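Trainee: Sequence:
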Amino acid sequence: MRWLGDPGALLRMRVQFRSVVFMGDTIVAGGRVRELDPERRTATLDVWVTVERDGTTEYPIKRSEAEVRPG
336 MRWLGDPGAL
346 LRMRVQFRSV
356 VFMGDTIVAG
366 GRVRELDPER
376 RTATLDVWVT
386 VERDGTTEYP
396 IKRSEAEVRP
406 G
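Residue numbers (our numbering): 336 to 406.
Hints were generated in silico from the structure; no laboratory data involved. Predicted model only: the values in this text are computed from it and were never measured. We treat Cβ as the ideally placed atom computed from N, Cα and C, and that holds for glycine. Incorrect hints may have been included.
Said to hold, decoys possible - Okay, the calculated beta carbon distance ranges per label pair:
#1 R404 / F357: 30 to 40 Å
#2 T377 / R398: 12 to 22 Å
#3 L339 / D389: 29 to 39 Å
#4 E374 / R349: 14 to 24 Å
#5 G406 / R367: 28 to 38 Å
#6 S354 / E374: 20 to 30 Å
#7 G406 / M358: 14 to 24 Å
Let the sequences and hints guide you as you build the complete structure.
Mentor: Put into structure tokens, the structure is as follows:
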């Protein structure tokens with residue numbers, strides 16, 4: 336999460352693994368802001384990971400979320 340800056344800005348992360356990611360696989364992580372809390376100055380993100388394998392896109396990590404406090 337280099338884009339977040341300070342690693343301490345990641346407050347909580349809940350991840351659900353749905354399939355295996357093998358050594359040598361190239362994964363692409365993504366996310367979107369689901370909710371902003373101006374009082375706490377936090378954002379809740381929906382996050383996921385994709386991997387291309389045998390011409391198909393798999394989602395080994397989905398239904399996951401992170402709570403962050405951007406700088």
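Trainee: Does the beta carbon distance between L339 and D389 stay inside 29 to 39 Å, or does it fall outside?
Mentor: At 33 Å between Cβs, range holds.
Trainee: Could you check the hint for me, namely that R404 and F357 are 30 to 40 Å apart, CB to CB?
Mentor: 33 Å, holds
Trainee: If you check the beta carbons of S354 and E374, does the distance land in 20 to 30 Å?
Mentor: For S354 and E374 the Cβ distance comes to about 38 Å; the hint is violated.
Trainee: Given a hint of 28 to 38 Å, does the C-beta separation of G406 and R367 actually sit inside it?
Mentor: 19 Å, violated
Trainee: Between the beta carbons of T377 and R398, is the distance compatible with 12 to 22 Å?
Mentor: Since the Cβ atoms of T377 and R398 sit about 20 Å apart, the hinted range of 12 to 22 Å holds.
Trainee: If you check the beta carbons of G406 and M358, does the distance land in 14 to 24 Å?
Mentor: Violated: the Cβ-Cβ distance is about 33 Å, outside 14 to 24 Å.
Trainee: Between E374 and R349, does the C-beta distance stay in 14 to 24 Å?
Mentor: 22 Å, holds
Consistency with the previously given hints fails for numbers 5, 6 and 7, ordered from lowest to highest.
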